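Enquirer: Sequence:
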Amino acid sequence: MEAPPDALSRDSAVRRAVKDISFGSVAGMVSKVFEHPFDLTKVRLQAQVLDASARFAGPLDCLSKTWTHEGLRGLYRGLPAPIVGAMAENASLFLVYGELQNLIRKLTARPLSADPTLPQLALAAAGAGMATSFLLCVSSAPS
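Counting in my numbering, the sequence shown runs from 1 upward without gaps.
No lab work stands behind these hints, which were simulated from the structure alone.
Take these hints with a grain of salt, some might be off.
Simulated DEER-style distance windows between Cβ atoms [unchecked claim]:
(1) 112 x 47: 17 to 27 Å
(2) 68 x 106: 56 to 66 Å
(3) 44 x 15: 27 to 37 Å
(4) 125 x 73: 36 to 46 Å
(5) 23 x 53: 38 to 48 Å
(6) 33 x 12: 23 to 33 Å
Remember, it's a predicted structure, so these values are computed and weren't measured experimentally.
Positions of the beta carbon are idealized from the N, C-alpha and C atoms, including for glycine.
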């Protein structure tokens, strides 16, 4: 006995959603691993304005002193919280972008296997960015 066609499309939609969320989460984690030492450097340089004398002469000095005195662990201090945020941000971005592409295909009566046009991709990207921005603003709003 075969499953009805709408059951297959629901299963396919769930698979697509799981894939988008998974790949988005991995993308968020990987980006933070590369970005975090530079963000840490920026924060340390901004914070030294409050000190009586500057601890670092510039970004490269900050990176090298952090590496010398604290090692690899020092460069990645405070990484878990930004990773969780990046996972949520990229997962929502990937998910909404994919679903908006599918919605546009349905509205224009194109098969799901057809590639969207450039304006359709731009519309999906703009919508995904808007939705993700809204999610980030709501989640970071003070209580």
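Enquirer: Against the structure shown, which of the earlier numbered hints fail to hold, in ascending order?
Expert: 1 and 3
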